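**Q** If you want the building blocks of each chain, they are given just below.
Number of protein chains: 2
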Amino acid sequence: MTRRTCGLLLAALLLAPAASFADEGMWLFTNAPKKQLKDKYNVDITDQWLDHVQKSSIRFPHGSGSFVSAGGLVMTNHHVGAEAVQKIGENDGKDYIKDGFHARSQKDEKKVPGMELNVLQSIEDVTKTVNTAVKPEMKPAEAFAARRAAIAKIEKESSDKTKLKSEVVTLYQGAQYHLYRYKKYTDVRLVFAPEKAIAFFGGDPDNFEYPRYDLDITFFRVYENGKPAKVEHHLTWSRDGAREDELVFVAGHPGRTNRLNTVAELRYFRDTGYPFRLQQLYRREVLLGNYRERSSENKRKAEDLFFSVANSRKAFKGMLGGLLDPAIMAKKVAEEKKLKLAADQDEKLKDAKVAWEKVAKIQQLRKKIIRPYTMWEAGAGFNSELFTYARALVRAGDERKKPNSERLREYTESSLPTLEVQLLSDEKIYDDYETLRLADGLTYLCEEIGIKNELVKKILAAKSPQERAYELVKGSKLKDLEVRKKLYEGGKKAVDEADDTMIALAKLVDAEARKWRKQVDTEIEEARRQAYADIAKVKYAVEGDSTYPDATFTLRLAYGPVKGYEENGKQVTPLTTFSGLYERSADHENRDPFELPRRWLAKKDKLDLKTPFNFICTADIIGGNSGSPVVNRKGELVGIIFDGNIQSLVLDFIYTEEQARALAVHSRGILEALSKVYEATELVDEITGKNSASRQE
Amino acid sequence: MTRRTCGLLLAALLLAPAASFADEGMWLFTNAPKKQLKDKYNVDITDQWLDHVQKSSIRFPHGSGSFVSAGGLVMTNHHVGAEAVQKIGENDGKDYIKDGFHARSQKDEKKVPGMELNVLQSIEDVTKTVNTAVKPEMKPAEAFAARRAAIAKIEKESSDKTKLKSEVVTLYQGAQYHLYRYKKYTDVRLVFAPEKAIAFFGGDPDNFEYPRYDLDITFFRVYENGKPAKVEHHLTWSRDGAREDELVFVAGHPGRTNRLNTVAELRYFRDTGYPFRLQQLYRREVLLGNYRERSSENKRKAEDLFFSVANSRKAFKGMLGGLLDPAIMAKKVAEEKKLKLAADQDEKLKDAKVAWEKVAKIQQLRKKIIRPYTMWEAGAGFNSELFTYARALVRAGDERKKPNSERLREYTESSLPTLEVQLLSDEKIYDDYETLRLADGLTYLCEEIGIKNELVKKILAAKSPQERAYELVKGSKLKDLEVRKKLYEGGKKAVDEADDTMIALAKLVDAEARKWRKQVDTEIEEARRQAYADIAKVKYAVEGDSTYPDATFTLRLAYGPVKGYEENGKQVTPLTTFSGLYERSADHENRDPFELPRRWLAKKDKLDLKTPFNFICTADIIGGNSGSPVVNRKGELVGIIFDGNIQSLVLDFIYTEEQARALAVHSRGILEALSKVYEATELVDEITGKNSASRQE
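Protein chains in written order, with our numbering: chain A, 1 to 697; chain B, 1 to 697.
No lab work stands behind these hints: they were computed from the structure. Wrong hints could be hidden among the right ones.
Copies of one chain are not kept apart here, so a pair can be met inside one copy or by any two copies together.
[Unchecked claim] With a straight-line Cα cutoff of 25 Å, these simulated BS3-like cross-link-like pairs (lysine-lysine) come out:
id: 1; residue 1: Lys165; residue 2: Lys492
id: 2; residue 1: Lys163; residue 2: Lys331
id: 3; residue 1: Lys401; residue 2: Lys690
id: 4; residue 1: Lys332; residue 2: Lys457
id: 5; residue 1: Lys367; residue 2: Lys452
id: 6; residue 1: Lys493; residue 2: Lys156
id: 7; residue 1: Lys94; residue 2: Lys107
id: 8; residue 1: Lys452; residue 2: Lys368
id: 9; residue 1: Lys634; residue 2: Lys94
id: 10; residue 1: Lys314; residue 2: Lys299
id: 11; residue 1: Lys563; residue 2: Lys340
id: 12; residue 1: Lys337; residue 2: Lys515
id: 13; residue 1: Lys479; residue 2: Lys493
id: 14; residue 1: Lys477; residue 2: Lys570
id: 15; residue 1: Lys457; residue 2: Lys331
id: 16; residue 1: Lys485; residue 2: Lys340
Model, not experiment: these values are computed from the prediction.
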């Protein structure tokens, strides 16, 4: 009891000031920051308000969304719904990504193959039940199994009883277990998607940037028994939308945060990990950028990878920029100091204190092996789809002979289906593009490992990286899906007998690659997991549930005002307008990725150009929050989250409201576009409640 | 005599096979490869032929050119003449770079301010005279001074006597001195320049690439006494132009080669120097590329630097690719082995043999200090124009107080005018662009030197690189030319008293930067110079003038057939056509840098699309050869060199004809474009000799 009291006192002492100045937190709906909101904003959020917002919020497979009509109309981001839009287009022989999609009546709404949406109905604390299953005398592996079994039992009983999708969520790194029950919707139909050119206006150059001008929305509708679902809760559309300085709330599903990371680990990222990662990304971005500029065919081949590389580069640059800010680091240092102090003062936590030391040591090792690990195992030296196939085939042959528990994680029985999807995809392989990437990978290998290394010599076989890459690509039959299938099914014997340059290469490097992999798996990843479990214990002992747990892709509530920020001495406006959109497009001579869809050019005169389009707020968000509804204190929808600025990327580790901002599409902007550009009267009527059929009251 | 005989024998032994298989060499016009041409191609080039080609060739300030009519019409590359075209446009308030320029009659030809063209009239071996001035008892510095004095005397006497511009050229690293006498033309007028869009069609993406489609030409005319000069020699235009497999010759001014570089030095470039340089270039290219994509204003600000970075990146990638080719390296190893062997067998050369060892040791040091040197002294950590100004002001203050001989080389009396041009240029400085670059530089400094370094800490002043860069740029007045002028004129005292953030930064880092600079100047550059002087002696002792000397930006003759090559299993065509140009433009939707000028679109139907446009040959060229005439065995002009492919970049160190190619505009393509696209009848008549006024006979 002393421990707990002391901890709580300390927590009150340490956390109160932070909470009253910053709008930090991805709060549990069962543990909402009522006091903070009352103290700072004099706002009372009631349980009824929370229940309504919770049941209006939707979890997508890789993002968030919300109900915006009683008739089951769902809004999410275009980039969250894009895969569905793409698939439906393929089935119809249309390019709905490029041209957009609009079902003007319900009969035209198109079913999305295999999509499931989840709506959280209830939350129950099952910590005791889970913990009771674990006996003190159990060894770690036994404890793990017992815990898994208890969780599975709870989930099964709940789903049998309630018919709701039931998932036990591990919170506070295992200090709490909550049972989340979801209503599932599996008949999801596409209603409306704008053209990608306006949904992702500004493309890669504007990604993670602000000011922005994106109509990043898509509408779906959930059906039950073949009819539009009547949903009990949906968000009322705010015609005014968010205003500057107004307090707003974000209800969504942040995917993962690492706010427990120690200062030593963050320093590793800052000084070694991220600079090295960026070095690779810069290199790849130039390689692919140069290739794609040479012809329209090249552009098509390299476009997706190029965008993903540029996207990662921006993300890492943003995170590095945050970690290089001494103010942010100092905050982390202070937090850690306080936790250590608390551990010092608590006899029961003394053992855990060494965990910080352990994490620091792991970083030393990490620093030493990051380069060879990246080159040999993580694939930087063999930047090629064919090599990826070859390695998967070689390893699948070896690993599937082992007992499940001894396999590399991507070859366990539960992982094989994912592997098979990748290995047996019908993605087209282009020889020139493969050669380009592999030649660069081999060159990188020469640079990082050295041309005198015996294994590098064997790999190059007395050729230049360029020549060798050409030879390796040309000599491989793995671009043929049937060949891969045969080799995969034939197992180790078939792979061993295969006469294939890329298989031979994968075999040649496998021992070396596995050597580094093993060290990372055991001495870094597993050791890290153990150390962080100890640190999490200290944190929970000190803070308990007075704060929010790390993100877990479950429903959370974040909040903060609509607020600009200062950047390079300039005040960045909190809201953008339609006129800004047209100016930006004109500045780029309306060229891709700033090219406006035709109807946007045609309808310009009809629009009120002063209408807000996008806006920013200080709410604490991260990947997974895409598509989250932004609501005001009345619970009305004022916007939809679609991105964070580059300064927000550091939110992975720590909250800061200096410059970090969540980006949202404005509810007024959406209405203006729907009614005037798309003339989607029926949609506008439905979301504004004019359409009596879908009106809630 | 033994030495020499032995050397010559060895040379014959060693070099004959190479010479008979490869079309290597940038030959002196006084020592042309007559035998090689006779043996391999059964071609006799006569002294008359050489004299005609020599006197038809022109040296531009940074490139090459030729006379193409008896009326003094000169052809060079657009990119060689671009600065002149730009200047004339500025004077006229026109954009001739974008729109092109065409004087349809001589009265419209526009004088280029400050341009001088040189035509080589005679070559005289003055080695003995120069060497006689140097006495064996002289110390190196005395010997250097005596040699300089002897050279100056020869030059002065010659120019007094002949009224020709007279320059003594140091060949074979000082084994020979030749007196070159040039006829000077200082009244140079612009006649014709195409639009940059066609001159540099494909822009950065196609730079150093092949196939190409560039009309990279510009015509000038030299005047004497206010009238078009009557020139004795000019090249007759070949209406057929170059054909596949035809032997062609290139007469031009290769700027600099490093073919003496030892294997140890090349390995340093391959394993350390170039990868590190590329790492910086990748980083900058992404930084600038991202910035310039964000707005048209950004694009304007960053365009030149972005192109120059991308250009360097390609060049280094090309050189690295060559050095990573074991076949190329093996050739270098064999060459070196033979030279060492020769040195071994010659008592007088034994001392020189240690030079290879010395060069290898220098590379070890270089490897150790390249990173800190690059960050602190070479400016990678302070990527900013304002910092460059600040450092120049701080150092100019310090250095000008020292005796001339003790100064850093860029502050000696003879260098100050160049410094002043840079320091006092009226180039506009943009705060946001400066901040972007400096923030990246400071981040790079953190990554390479480490955030814990005391000096780095002082530089950052407890701010993030981004914040600090903003503060430094904002707090500097050096963007104001008048401020810089005052500080420069005020000398050390004024600089010391200046209250300027950037001056303070330059002062703060100067001791550290100078420390690395000093080590590079003495232990690397000077030590290297001495070692290479010894190696050059061995080479000359062995080979004498049986081969060509390293390039010296003086007239040389190269040769080789018009020939495709194999790349990634595909045969690359030796000639491109006009139809290829239109296809490539269409493939890029006629968008910049593949956008064709309007008249090219309008006149497409008039053109014979099968006409050859660009072509390649195996001639041994390097930077400085831009604008060189390509002639056939009859001495007729069949094309004009404008680039090398990426595989040719290794020619800096070694000749290879596997894939390395010189790129040229085809003489028929030029005629087709001039007559049909530009309707430049008078120009076509003049160069084809129809215009009797300028006809030679």
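**Q** Treating 25 Å as the Cα threshold, decide for Lys634 and Lys94: within, between, both or neither.
**A** Result: close neither inside a copy nor across copies, 41 Å intra and 61 Å inter.
**Q** Pop the pair Lys332 and Lys457 into one bin, within, between, both or neither, using alpha-carbon distances up to 25 Å.
**A** Answer is between; shortest inter-copy Cα gap is 19 Å, intra-copy 45 Å.
**Q** Checking Lys563 and Lys340: alpha-carbon separation at most 25 Å within a copy, between copies, both or neither?
**A** Answer is neither: 35 Å inside a copy and 73 Å across each miss the 25 Å cutoff.
**Q** Within a copy, between copies, both or neither: which one fits Lys163 and Lys331 at a CA-CA cutoff of 25 Å?
**A** For Lys163 and Lys331, the Cα distance exceeds 25 Å both inside one copy (46 Å) and across copies (76 Å).
**Q** Could you place Lys452 and Lys368 in one of the four classes (within, between, both, neither) given a Cα distance threshold of 25 Å?
**A** Result: close both inside a copy and across copies, 20 Å intra and 19 Å inter.
**Q** Can you tell me if Lys314 and Lys299 fall within 25 Å by alpha carbon in one copy, between copies, both or neither?
**A** Answer is both; intra-copy 20 Å and inter-copy 19 Å each pass.
**Q** Are the CA atoms of Lys479 and Lys493 at most 25 Å apart within a copy, between copies, both, or neither?
**A** within (20 Å within a copy, 71 Å between copies)
**Q** At most 25 Å between C-alpha atoms: does Lys477 with Lys570 qualify within a copy, between copies, both, or neither?
**A** Result: close only across copies, 19 Å inter versus 57 Å intra.
**Q** Evaluate Lys485 and Lys340 at a C-alpha cut-off of 25 Å and name the case that applies: within, between, both or neither.
**A** So Lys485 and Lys340 fail the 25 Å test inside a copy (54 Å) and across (57 Å) alike.
**Q** 25 Å Cα cut-off: does Lys457 pair with Lys331 within a copy, between copies, both or neither?
**A** Between copies only: 18 Å across, 48 Å inside.
**Q** Could you figure out if Lys401 and Lys690 sit no more than 25 Å apart (CA to CA) within one copy, between two copies, both or neither?
**A** Intra 64 Å, inter 84 Å, cutoff 25 Å: neither.
**Q** 25 Å Cα cut-off: does Lys337 pair with Lys515 within a copy, between copies, both or neither?
**A** For Lys337 and Lys515, neither the intra-copy (36 Å) nor the inter-copy (39 Å) Cα distance is at most 25 Å.
Against the hints set out earlier in the document, violations occur for numbers 1, 2, 3, 6, 9, 11, 12 and 16.
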